[in-house]
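J.: All the letters of the sequence shown, read from the start, carry residue numbers 1 to 110 under my numbering.
Rather than coming from a laboratory, the hints here were simulated on the basis of the structure. Incorrect hints may appear among the rest.
[Claimed, not checked] Here are the simulated EDC-like cross-link-like pairs (lysine to aspartate or glutamate), alpha carbons at most 16 Å apart as the crow flies:
| no. | residue 1 | residue 2 |
| --- | --- | --- |
| 1 | 78 | 54 |
| 2 | 78 | 94 |
| 3 | 77 | 54 |
| 4 | 89 | 32 |
| 5 | 78 | 52 |
[To be verified] Simulated restraints, written as ranges between beta carbons of each label pair:
| no. | residue 1 | residue 2 | range |
| --- | --- | --- | --- |
| 6 | 84 | 50 | 14 to 22 Å |
| 7 | 76 | 17 | 36 to 44 Å |
| 8 | 65 | 98 | 16 to 24 Å |
Every residue gets a Cβ at the ideal spot worked out from N, C-alpha and C, and that includes glycine.
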Amino acid sequence: MTERIIKHKILEDLELNTVPFTWNNTVMYGNEGESITAALLANDIRTLREHEKDSQPRGMYCNIGHCSECRVIVNGKKNQRACLTPLLKDMAIEQQMEVPYVVKEGSPYV
Numbered sequence: 001m002t003e004r005i006i007k008h009k010i011l012e013d014l015e016l017n018t019v020p021f022t023w024n025n026t027v028m029y030g031n032e033g034e035s036i037t038a039a040l041l042a043n044d045i046r047t048l049r050e051h052e053k054d055s056q057p058r059g060m061y062c063n064i065g066h067c068s069e070c071r072v073i074v075n076g077k078k079n080q081r082a083c084l085t086p087l088l089k090d091m092a093i094e095q096q097m098e099v100p101y102v103v104k105e106g107s108p109y110v
């Protein structure tokens, strides 16, 4: 884990319980119980999906569950917010590339 802070001058040292998970079929490691976004950031992953309309990269935005920019597929289940979902051992996490809701006729996403 290249980006994780485990020793801090003021805060207590972080105790790690490192577990494997996959991101788009690539094995990575994170701290069990931390958010999926924290585990991905620690593995230098910044782009979680692409915007449905213009394919621009999307990542963590609010990181408190309000915006849904971090939605991913977790163990085959779509529309999971990575910022709210705790990391568990052997989770399979994938980018979600399709529109997460039913698109109405005339929408710019059709």
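J.: Could you check the structure against the hints above and give me the numbers of any it violates, in ascending order?
T.: Hints 1, 3 and 7 not satisfied by this model.
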